[in-house]
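Trainee: Sequence:
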Amino acid sequence: MEAVQNIFTKFLENKPIFVNREALTISFTPESVPHREKQINDLSRILAPALKGGKPSNVFIYGKTGTGKTLVSRLVGTELERTSRGLGASPTKAVYVNCKMKKAADTEYRLLAGLSKEFGKNVPFTGLPTDQVYQIFFNTLDSTKQNLLLIIDEIDSLIEKTGDEILYNLTRINQELSNSRVSLIGITNNLGFIEMLDPRIKSALGEEELIFPPYNALQLQDILKSRASLAFVSGTLENGVIEKCAALAAQEHGDARRALDLLRVAAEIAERNAEETVRLAHVDVAQGKIDLDRVIETVKAQPRQSQAVLYSIMQLADKNSNVQTGGVFEVYHNICAQHALKPLTQRRISDLIAELDLFGIITTKIISRGRYGRTRIITINLSDTVRKRLKNLLYEIFL
DNA sequence: AGTCCACAGGAAGGGCAGGCGA
DNA sequence: TCGCCTGCCCTTCCTGTGGACT
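Positions 294 to 692 (our numbering) are the ones given, in order, by the first sequence.
If you're looking for bench data, these hints aren't it; they were derived computationally from the structure.
Cβ coordinates follow ideal geometry from the N, Cα and C atoms, glycine included.
Treat the hints loosely; a few may be bogus.
[Said to hold, decoys possible] Below, in silico cross-link-like pairs of lysine to aspartate or glutamate (EDC-like), each with a Cα-Cα straight-line distance of 16 Å or less:
1) K593 with D577
2) K593 with E531
3) K386 with D435
4) K386 with E401
5) K303 with E315
6) K357 with E502
7) K348 with E374
[Stated by the list, open to error] Between beta-carbon pairs, the in silico distance windows are:
8) G528 with E648: 13 to 23 Å
9) D584 with K438: 43 to 53 Å
10) G499 with E569: 22 to 32 Å
Input sequences plus hints: build the corresponding full structure.
Mentor: Written out as structure tokens, the structure reads:
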């Protein structure tokens with residue numbers, strides 16, 4: 294007990310590092326967004342007609358992860374909503390949906406059900422025909438006599454899953470409504486995405502386009518500095534910590550989210566070690582920890598079958614470097630037999646392998662060996678620490 | 001030049017769960 | 001309770017393919 298008490302008293306005795314930890318998370322909405330003034334102004338100008346009852350153009354926003362797309366659209370959306378409550382303005386509601394959120398807005402049905410709910414009408418989460426859900430949404434929206442600014446984040450994953458008909462329907466929605474107007478903001482990090490769309494939808498949705506370029510290291514430093522001033526007790530950061538986080542994140546592709554994560558995790562590590570300053574070494578540890586956590590969490594969330602496939606891949610990779618689909622399927626079959634798991638078909642395993650690649654846990658490459666067929670060559674490119682932990686995890690699961 | 005391997009990956013559809021209204 | 005709807009996971013069947021081998 295004494296040991297526990299020691300930890301607690303020591304923790305209390307330590308000077309705190311954080312004033313406001315939230316300021317370093319992605320859910321935090323800062324008052325200003327450095328280096329995005331142009332995008333904010335452009336977007337505001339495009340959306341402003343909504344305040345006078347007009348229909349603003351639909352907007353398409355491109356940019357890689359962590360370039361401020363979501364933040365800027367939410368910020369402008371909220372501001373528009375607030376201003377629209379003022380005198381003489383036409384009431385507007387900004388609704389943000391993320392299509393990658395499982396069970397929320399990843400299908401046409403769920404998106405519409407979620408939107409109806411935003412306007413106070415509950416729709417069962419399955420069961421109704423889709424056209425009926427459309428009707429419910431139309432009627433609910435029209436009866437509220439509000440304009441809707443619909444921000445659809447990761448719109449490419451919605452289209453990939455459900456086809457582009459939903460966008461066609463949404464862009465035509467205004468013809469069905471008499472009291473309300475709908476404008477769309479589509480956000481994607483897939484630059485080639487709009488080229489895949491039906492030309493009708495392309496012209497309807499891409500009335501305006503905004504590009505969010507990646508941040509460079511100096512810009513990332515500014516962002517980190519402004520957040521750090523809110524988050525930390527002054528003098529907590531060792532010289533060069535911000536610069537290091539910015540440089541590491543700039544190497545990826547100018548991802549501000551990554552930079553903020555690095556800084557936050559580095560500080561949390563310092564805090565846990567009962568240190569009063571965040572040092573450069575903490576950033577190194579943070580870098581490794583973020584990778585590890587991401588992989589472990591992803592694998593834990595996978596269904597058993599997918600874990601079995603990964604386990605097979607890891608077993609094979611330990612023995613030889615040439616891991617390919619056929620071999621994985623064989624080992625997988627043995628694992629299934631040992632663990633009373635019903636084996637899936639090779640077709641399905643092929644999809645599961647592709648999925649693991651998508652998650653970034655393995656890397657696959659399709660090659661042709663001529664006479665000896667075409668196959669996927671699978672490699673695991675994780676650091677030794679991550680790999681070891683992953684092996685332990687899978688070993689525990691398939692004990 | 002033709003064959004053939006070992007798969008990739010598209011299309012269609014089965015079966016189940018969760019949920020509706022009648 | 002029944003018929004119907006959607007989403008999800010999966011199977012079955014199929015066509016496509018790069019290049020070593022004959």
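Trainee: Evaluate each hint against the coordinates.
Mentor: Each hint tested on the structure:
no.	hint	verdict
1	K593 with D577	violated, 25 Å
2	K593 with E531	violated, 35 Å
3	K386 with D435	holds, 13 Å
4	K386 with E401	violated, 20 Å
5	K303 with E315	violated, 24 Å
6	K357 with E502	holds, 15 Å
7	K348 with E374	holds, 14 Å
8	G528 with E648: 13 to 23 Å	violated, 46 Å
9	D584 with K438: 43 to 53 Å	holds, 50 Å
10	G499 with E569: 22 to 32 Å	violated, 52 Å
Hints 1, 2, 4, 5, 8, 10 from the list above are not met by this structure, while the remaining hints are.
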